[in-house]
Structure formats: structure tokens, C-alpha cells
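I would like the entire structure built from these sequences, with the hints used as guidance.
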Amino acid sequence: NAGVTQTPKFQVLKTGQSMTLQCAQDMNHNSMYWYRQDPGMGLRLIYYSASEGTTDKGEVPNGYNVSRLNKREFSLRLESAAPSQTSVYFCASSKTAAGGLSETQYFGPGTRLLVL
Amino acid sequence: KQEVTQIPAALSVPEGENLVLNCSFTDSAIYNLQWFRQDPGKGLTSLLLIQSSQREQTSGRLNASLDKSSGRSTLYIAASQPGDSATYLCAVGQISSGSARQLTFGSGTQLTVLP
Numbered sequence: 001n002a003g004v005t006q007t008p009k010f011q012v013l014k015t016g017q018s019m020t021l022q023c024a025q026d027m028n029h030n031s032m033y034w035y036r037q038d039p040g041m042g043l044r045l046i047y048y049s050a051s052e053g054t055t056d057k058g059e060v061p062n063g064y065n066v067s068r069l070n071k072r073e074f075s076l077r078l079e080s081a082a083p084s085q086t087s088v089y090f091c092a093s094s095k096t097a098a099g100g101l102s103e104t105q106y107f108g109p110g111t112r113l114l115v116l
Numbered sequence: 001k002q003e004v005t006q007i008p009a010a011l012s013v014p015e016g017e018n019l020v021l022n023c024s025f026t027d028s029a030i031y032n033l034q035w036f037r038q039d040p041g042k043g044l045t046s047l048l049l050i051q052s053s054q055r056e057q058t059s060g061r062l063n064a065s066l067d068k069s070s071g072r073s074t075l076y077i078a079a080s081q082p083g084d085s086a087t088y089l090c091a092v093g094q095i096s097s098g099s100a101r102q103l104t105f106g107s108g109t110q111l112t113v114l115p
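Quick mapping for you: the protein sequence lines, in order, are chains A and B. Under this note's numbering, the letters of the first sequence match residues 1 to 116, in that order. Under this note's numbering, the letters of the second sequence match residues 1 to 115, in that order.
Calculated from the structure, these hints are not laboratory results. If you're wondering where the values come from, they're calculated on a predicted model, not measured in any experiment. Idealized CB from N, CA, C, for every residue including glycine. Among these hints, one or two may not hold up.
To be verified - Residues from chain A shown here face chain B by an in silico Cβ test under 7 Å; the list is partial:
1. G40
2. G42
3. T104
4. F107
5. G108
6. P109
7. G110
8. L114
9. V115
Stated by the list, open to error - EDC-like cross-link-like pairs, simulated, lysine to aspartate or glutamate; straight-line CA separation at most 20 Å:
10. K42(B) to D38(A)
11. K9(A) to D39(B)
12. K1(B) to E59(A)
13. K1(B) to D56(A)
14. K57(A) to E3(B)
What follows is the structure, given as C-alpha cells:
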């Protein structure tokens, strides 16, 4: 039972380079999310996908793009990395966008990104 | 815009002590509140989820309460153990566009339980 998986686990980039963070879930969830976690600031939502074929901006979308490739996979792309994007990135999924009040999100292990 | 605050930012207690972690939020229009645990270098694990209509939830030594009208939640940990050492995050759930569930997180309380 893999749950939510993320690749890579760690990445170092130079300013201006691009990369894609991959996320996959095997729980047949409809909704997927990308967060970043910075020291002292908790987790902030970057983008989310309520269901396959839809994506929406979260609190901090600037500098990122996403693709909901299929129901299982949701990728996050940095087109031109900046030092301010140094962070830990978490992917999460939940059963359904129109779920009940007891719905929770399941998180992946995170990707640590350092932009020099 | 929802804002979630957790106090204290860090807490160190001796083993066996009962403790309370606090969480406050500014917008009471929430559909649930969750407490997560995060171990160093790891992802988040959901501990307790309280629906907006509920007052508390219990799981083992953990008890979470919710007072939506005052914008507060507490996580009570009984008889703390060194294995409880972790960062505890509070997150409130709201409905965003497209009916997606959006979580707003606090910055966490880093708990250390000393043997």
C-alpha cells in the first residue's frame, strides 16, 4: 500500500533551471494538491486539482505550473527556478472534492528542493 | 483570508506529563479541523479530525476539542512519551472553488518529550 509517492526525494537546482516534481497516488482519489512548507510558515497550498481534468490556483501559485496527467498523477513544474522556491514540497490527495465532512488528505513524504 | 495560529511554537516536557497544544483560527466558516503529526524529514500523518458540528474527538491518549464560535481548538496528550516527540500541525478545512477541500495550516508546535 504505497499511498502517495513523490519523486525525487531531493533535488539541487541552479537559478533559472527547470524541473518537474512528480506525484502519484494509488487510492483512487479524485482530488490532489501541492503544498510547500517553509520554516515557521506551515504548509501553503500552491495548486490543487479537484478532479481529473481540472486545476486551480492556491495561495502561492506564482512561478509554478501543474498538470493533472490522469486520475493517479499530478505534477508540479518550475519553469525557471529561483532561490525563493527553496522549500519542501508535499503532494496530497483526498477521496473526493464533494466528499463528506470527515474527509482527510493523505500526504506524500515530500521533495526537498534547494535552488542555488 | 483564513489565518491559523499555533501556540506555543515549541514545547519541552518530561515524560509522563499531560500537555495541551493550542490552535486558533480567524474564520469560523469551516467544515472540519484536523490535527496532524510530522516527524523530522517525513510527511504528515492525520491524528484526529473533528467535523464542524462536533465538539471533540478522541483516539487513545489524544483528545482534540473544537470551539468553532471562538475559533479555537486544543489537542490534549495524556501521559506523554518520548515517542510523541514530533511537530504537531493544526489545519482547518474550508470549501474552495470547484468544491475542492482546502486546508489552511498553522505553523506547528514542535514537541519534545524528555525521558
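Going down the list of hints, with the structure as the test:
no.	hint	result
1	G40	6 Å, holds
2	G42	4 Å, holds
3	T104	5 Å, holds
4	F107	4 Å, holds
5	G108	6 Å, holds
6	P109	5 Å, holds
7	G110	6 Å, holds
8	L114	14 Å, violated
9	V115	19 Å, violated
10	K42(B) to D38(A)	14 Å, holds
11	K9(A) to D39(B)	16 Å, holds
12	K1(B) to E59(A)	10 Å, holds
13	K1(B) to D56(A)	17 Å, holds
14	K57(A) to E3(B)	18 Å, holds
Of the numbered hints listed earlier, those contradicted by the structure are 8 and 9.
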